[in-house]
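Undergrad: Going down the list, the protein sequences come from chains R, E, L and B.
When we follow this note's numbering, the leftmost residue of the first sequence carries the number 1, and every step to the right adds one.
When we follow this note's numbering, the leftmost residue of the second sequence carries the number 1001, and every step to the right adds one.
When we follow this note's numbering, the leftmost residue of the third sequence carries the number 2001, and every step to the right adds one.
When we follow this note's numbering, the leftmost residue of the fourth sequence carries the number 3001, and every step to the right adds one.
Any given hint might turn out to be false.
What the hints assert, rightly or not - Computed Cβ-Cβ distance ranges for the label pairs, DEER-style:
1) L:M2645 - B:V3191: 29 to 37 Å
2) E:A1433 - B:R3030: 49 to 57 Å
3) B:G3100 - E:G1263: 54 to 62 Å
4) R:V269 - L:T2552: 37 to 45 Å
5) B:A3101 - E:A1433: 46 to 54 Å
6) E:P1091 - L:V2627: 44 to 52 Å
7) B:N3088 - E:D1090: 30 to 38 Å
8) L:V2627 - B:G3100: 52 to 60 Å
9) L:S2006 - R:A300: 53 to 61 Å
10) L:Q2151 - R:A300: 41 to 49 Å
11) B:R3030 - E:G1179: 40 to 48 Å
12) E:R1473 - L:P2058: 26 to 34 Å
To be verified - Beyond 10 Å from chain B on every Cβ pair, some chain L residues (computed):
13) S2006
14) G2184
15) A2189
16) G2202
17) A2270
18) R2456
19) E2462
20) L2484
21) G2503
22) L2533
23) P2607
24) A2637
25) V2638
26) L2668
Calculated directly from the structure, the hints in this document are not laboratory data.
Every residue, glycine too, gets a C-beta built ideally from N, C-alpha and C.
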Amino acid sequence: MQTLGGLLTQALHLVLMLLAAPLVVGGVRWLKARMLGRRGASPLQPFRDLRKLLRKRPVLAENASAVSEVAPYVGVVATLVAVALVPSFAHGMLLAPLGDLVLLAALLALARFALALAGMDVGTGFGGLGAAREMSFAAFAEPALLVALLSFSILAGTTNLDAVAATFRDGLLGLRVSLALAGIALLAVALTENARIPVDNPATHLELTMVHEAMLLESSGRHLALWEYEAALKLTMWLALLAAAFLPFGVAPAGSGPLAWLLGLLAWVVKMAGFAVALAVFESAIAKMRVFRVPEFLGAALLLALLAAALLFVSTGLA
Amino acid sequence: MPLPWIVVFFPWAAAVVLMALPRLRLAAAVNLGASAVSLLLALLLVNMPDGEQGWTRVDALNQPLLLLSAIIGLTTSVYSYGQIEAKGFDPLRLRAYHGAYQVFMGAQALALLADNMGVMWVAIEIATMASVTMVAVHGTAAATEAAWKFFILCGVGIALALFGTVILYMAAQPVIGHGDVGLSWSALRAVASRCDPGLLNLAFVFLLVGYGTKAGLVPRHFWLPDAEAEGPVSISAVLSGLLLNAAMSAVLRAETIVRAHPGAIPPGPFLMALGLASVLLASFSLWRRRDVRRLFAWSSIQHMGLAAFAFGMGGAMGNLAGLLHLLGHSLTKSAVFFGVGMATRLKASQKIAAIGGLASSHPALGWSLVVAIAAVAGLPPFALFASEFLLLTEAVTRWWWLALPLGLGVFIAVAAKVNVVQQLCLGDATPDAIAPPGRLAFLTTLGPIWVHLLLALVLGAALPAGGAAMLARAAELLK
Amino acid sequence: MLTAFSLVLALLLLLAVAAVPLAQRPAGARLVHGGCVAACLALALLGLVVLLAGGAGPPLVLPFGPPWGHALLALDGLSAWFLMLIGITGASASFYAMAHPPVRPAALPPFPLFLAGMALTLAAADAFTLLFGFELMSLASWALVASDHAQLENRRAARLYLMMAALSAACLVPAFGLLAGHAGGFSFAALRAAPPSGWLAGGVLLLGLLGAGSKAGLAPLHVWLPLAYPAAPAHVSALMSGAMAKVAIYVLARLLLDLCGPAQPLWWGAPLLVVGACSAVLGALRSNLEADVKVVLACSSIENIGFIVVGLGLALAFRGADLGPLAALAAGAALLHALNHGVFKTLLFLVAGSVQRSAGSRRIDRLGGLIHAMPLTATCALVGMAAAAALPPLSGFASEWLLLQALLAGWRTGDVAFQVLAAAGTALAAMAAALAAAAMLRLFGLVFLGRPRSPRGAGAHEVGRLERWALVVPAVLTVLLGLLPGPLLALAQPALASLLGAGASAPARGFALLGGTGDAAAWYLPLTLAVVLALAGLVLVLLVRARSPLETQRGPVWNGGFINPPEHLPFGDPLSQPSAAGMAQPLRRMLGTSLFAATEEVRLPPPGDTRVATYQAGFTDPAQGWVVAPAAWLRDAVAARTERMRDFTIRRCLSLGFATLLALLALLAWLEAH
Amino acid sequence: MTYGQLPYDIAHLLGGAMLLLSFVLLYQRRVQAVINAFAMQGAVLAMAAAWQGAMQSAPELYLTALVAFTAKAVLIPLALRAIVRRLNLHRAVETALGIGASMMAGVAVVALAILVALPITTGARAIAREDLALALSVVLLGMLMMITRRNAISQVVGLMSLENGLVLAAVGVAGMPLVVELSTAALVLVVFVVAGVFVFQIRERFDSVDTGAFAANHGEDAFEPEPEEASTAPPGAPPAAQRGDAG
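Next up, chain R with everything else stripped away, as it sits in the complex:
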């Protein structure tokens, strides 16, 4: 029964995420446009874009290798699996035992590696520049991420996301300060990973400042569609992750029935909408920073995460 429930929630979760991903991107764009006083494209616009791109004939550079063709699939698959591991409306999904936070980080790294490879495949200056910057940012983002995970691991005793989220949902945690610090660190990492302002601007094609888009310059057709979809999935995944960890209320516990699922779903939609609004507000209010300021930004995140862990050490040591 449990297995069946797990299978069902897993399937529902996947469908939900697949559908939600373009919507989240479109929604954030729409919200931002509204805040900037523009009408903005419909939140459904990403769906249309994807369909259009899929229909187009992809053009590859003359000296492109198989990497250009394979990498998009790898990127999407890695992100997809990562998405499948992050609980949305219910705990105890089929793949939950697989859902380790370290593995999650590694899957994202795999997607990043694929993207950077694709960017370098043709040997253009922009692709290399984007790839080098993307990988360099990761060198600062990953420590912050891992140390933030350390706080989770201390509180929950494990790095399994499902277990962490379940522990947090069940409450009994009086140590919110350190969790908040870790949360801020994770937010900074999330912004970096998703190429959002202030690290990167998803809307720009200004050559010398872009990171993520620079690697996609040579992609077209379904390859570009895949990359766009991958970015959308990743954003959704991060928001879901933050929701699962820091706003754990309402999620259906493992082995619960459809009613709890529905409640969980509702709660999830509310949380995601909240995050989308927050993201839009944040991005409208903040300017992009210089590329070489990013290490400072992420370094601050790392310090916060370390502080969170240190606070926990002290409190557990006293306890």
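Based on the hints, put chains E, L and B in the right spot on chain R.
TA: What follows is chains E, L and B alone, placed relative to chain R:
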């Protein structure tokens, strides 16, 4: 005549013959033959049971050293046979060279075998004079200076040693009475515990400083680099291989006597201090060498320092380490000198800068020299690795703080040798100064090198039980 | 079993001797390397059998040895694990060398000796035999590094290398001396029976870390490594990085975890943790800055060795805090990472060798676009580099996952200072992993992707048939190791037992790896993950292709609207591609300026001037400035001082002797008066 | 024999005379006078040996006395004079340490010798202590002379005086075996040195054998770091000029 006496007198008889032989090749061949016979005699001697024959004595300490000296004597004369034509000796120098060589071998054997401390002193004096002759045989200004320095410093040294010997007798005389027995090592050792400790101490200081000069211990080492660098290569080989050992064994014999008295000031720390000073000074000095033979002469100082240190520590393991070190050093160092001698002949220079890329121009010689220098540096699988391992572990076991100076000294010295092996053997070859010598010259160089290396290998990693037992007995003897 | 091992060892020695006459002919070189393949396979098999059997019984007393005793051989779990490792990497490297024998005859005889030295070190059951093998290994590998000695930088590398080897001996011998003096014997059984404590143990720790660490390439004694690995022929570099560094790790583990006994305190882990984490970050960062393929790989070795040592340090700390399962986790991570790194780094060095021969250069700025000419090599390289970048589900990730789990559990030791250290270690390890990924991406992207950067590189061709297998086999192994870490760790059970005591259990259940303790432990299920990834990939491809059926079309590079290259430059201007220095620029600015004193200088001619603009970038390794250079200066200063004595006249020589005599006499008088 | 007995007193007196002559040697400023003093010391040594021979009824000591007298009191001083004449040497003694200072050093050395000899033979035979202290003083003074004098003749004389001390010690011990052989061997050594001075035409001092201008560096070049020596290890990356994307 007992066998040990034959071992001593045979080379002297050969020396007389050689001094009469003016012909180059013939003299070298006779020299070779005499050395071969000496080796046979030494082999016989090794199988003799311990015992005294008047002034001489056969025991576990001098048996391996004597065998070693006979082996090195033979290989050196093989090497010398292949190189003799290149030396351009006039008949007088030829006679002096070969005569002095065999006189030296005999005196060296006597110094090892002597039971009577006075006879030992005389033997070492004879060996000194013979080796001075050999150092000076080239007759160049530098050789003369080296010989002179050698002679003055060692002359004072052995004069002091004689004083020590006299004091030794002075200490023993009230207990032991008059006569030859008063200088006999075994008798002295037996009665040492009843002798006056103050006199024993005083005797040891003089013997240490005196024979220590001959053993090349700092700060009386000054003669060694010049003497080993300026004479013929064969003298470098036998000096570092044999004379130093004989001097060290004299120091050891003195040390065992003093050590036998429980009330005397322990002699070990004196030896250790001089040894450590030698190791440190020599290992740093190695870094400033520009002359290849001087470099390896300094390396001899360093190795004698290590051996002295080991003997100073004493105990079965310390003495074993010291003995192994003496044997291993003689074998490997003389192998290096053969290779270096050939290289200096090819390049007509002893400057390290002038000898380069031997492995490129003469692969067999170059790589053999690489292995030989590695062996001298104490890398496995050769004997010096085993002895240095034992020495270092034994030292830190007893005095942990010695790990730093000793380890530093050994490391600096190895690094310097690494440096020089690369300069000599690797890289682009420098041009040869002479037409390539015949096969004979190479064979008589490479053969001895590899024989020595093989022996060092056996000594360090696969010593037969008999040999190990003999070394253990010798270590026991020195306790 | 040990008899069989001795026979293999004898075979290797025989090969070394036989190689001297055989070296002149290619067929002879093939024969020798073929023999090495057989010997290595036998070693790997022996290791496997011993691991399965859980040990090889009592030590074998060899009929020879040092003059004061006999050499002892024994194979316990730890030895067997590393034996398997050097068997596998050695077989790969030898097989590669069989396909392409080295050009220099001088590189042949030391090769079997090198293998024999490593095997002997692993199987030694007494301190003398261990160090004998260890130094033999160093000497033989020095000869291999120096085999191509016509080039100055190779000679420099070889020189520094052997000096460092001497340093490690000068540290390890006293370390064992401290142990043996306490125990009264050199055999491991005797050493184990009397573990050291207090300052003595601290001395062993320090000396062991210095000695084994300098050989393994831990910061700050790693300076030789980026010089020596590239100087050797490819298969030797592969072996040095893949196997020899692991032998040093073995010595470290044997000394600190096994011989020093289980009663060591918690803080013992701290130095290893600090040194390991710093090495990992420094190595990974430097591999991002280097411009030579083999140097990049060598620096990546520093990083991976750092990871392994972090694992060992954590194992020590957890054991000191009585956290057995966590100690097993950390030690398991170290062991697994040693194996994984051995295999994928061997693969990568072999790839580097193929690239060098095929495209004529090791410099990244002369390579490019090789994926078109050498597709198979590129695929193998991608597998190896992805593993080195710790990407799931390949081998590098499995062990780094375990290691991160161990680091994340560091807070359980309960000591606040160590907790903070572990947290910092977590951050550094994560940063090193990300930097490694960046380095591997840079390497693969610049060497295999893009366009050729030199005419010689454009004329590259795929490797030959035999060589192909030499690349494919380790690549397949890398994948397999990534998928089956669970069974492997179960196999490592005896190794863990010899490190941590019989009670240690491998952090693995079936096909899964297990992080942390108790019910709440995190799981890593590589096989499941791979299946899920493959399924998802399959479904994705089918779905996308169903919606997007049109085939791809080729067109000129878009490149943000840049114009096409002129006709006379068939690959375009090679310099308009990202360069090695250019790709390194972000990290050089972000981290290099502070850690490596990196400098950049751009010279732009004024407008109208037709001279080309120049860009110069450089850096210095901090170990060079802080460790090596001062040591050399000190040595020269002392040497210069001692040298003054050499100009003494005979009279002054005599004076010195006289002064010594007087001093000794005065000492005597003083001693006797008291 | 003990204090107050005539045989001992005479032996003691002779030993004391040798010590005194050592000081005289140290004190002399002219080469001729040094040689004369040495000849006297040789004669006293011969007398001491002969006296000991008579006392210990050891006839071989007469041989030693004869050898010592012939060589040290007659032949070697003559040879030294010949050298001085032939080589036309400076007649004044060049000192490295002033005469006064070397006298003081000599006194200090003798004090040390006594200090060293004092604790020896406690209880056993008090007179051996005196003998030893005298001989040791002569030996050490000889050595002191070698290092505080610059000209070769004085240095040779110092060595021989040292050797006189040895022989004095050797003949002083009752029943010393091989005493003739040893003293003769020591004499041979000294003769070799004298011959060396003669053959090598050492005019001024040991340090500069006049067989040519010896290189100041003893056969080695002055130390100049070689290129390979200069940098123990090259820095990680040579700053190679690279054109490329400057970001």
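Undergrad: Is it the case that E2462 (chain L) keeps its Cβ farther than 10 Å from each residue Cβ in chain B?
TA: Check passes; 29 Å lies beyond 10 Å.
Undergrad: For the hint 30 to 38 Å, verify it against the beta carbon of N3088 (chain B) and that of D1090 (chain E).
TA: At roughly 31 Å between Cβ atoms, D1090 (chain E) and N3088 (chain B) fall inside 30 to 38 Å, so the hint holds.
Undergrad: Mind checking the hinted window 29 to 37 Å against the Cβ distance between M2645 (chain L) and V3191 (chain B)?
TA: holds (31 Å)
Undergrad: Starting from the hint 44 to 52 Å, judge whether the C-beta atoms of P1091 (chain E) and V2627 (chain L) obey it.
TA: At roughly 60 Å between Cβ atoms, V2627 (chain L) and P1091 (chain E) fall outside 44 to 52 Å, so the hint is violated.
Undergrad: How does the Cβ-Cβ distance of V269 (chain R) and T2552 (chain L) compare with 37 to 45 Å: does it lie in that range?
TA: Because 38 Å falls inside the window, the suggested range holds.
Undergrad: Could one say that the CB atoms of A3101 (chain B) and A1433 (chain E) fall in the range 46 to 54 Å?
TA: holds (52 Å)
Undergrad: Is it correct that the beta-carbon of G2184 (chain L) has no partner in chain B closer than or equal to 10 Å?
TA: The assertion about G2184 (chain L) holds, with a minimum of 39 Å to chain B.
Undergrad: Given the hint of 52 to 60 Å, check if V2627 (chain L) and G3100 (chain B) actually sit that far apart at their C-beta atoms.
TA: holds (54 Å)
Undergrad: Please test the hint of 53 to 61 Å on the beta carbon pair from S2006 (chain L) and A300 (chain R).
TA: holds (60 Å)
Undergrad: Was S2006 (chain L) rightly flagged as not at the interface, with every chain B Cβ beyond 10 Å?
TA: holds (39 Å)
Undergrad: Beyond 10 Å on every Cβ pair: is that true for G2202 (chain L) relative to chain B?
TA: holds (30 Å)
Undergrad: So is A2637 (chain L) really clear of chain B, every C-beta pair being over 10 Å apart?
TA: holds (13 Å)
In summary, the numbered hints that this structure violates are 3, 6, 26.
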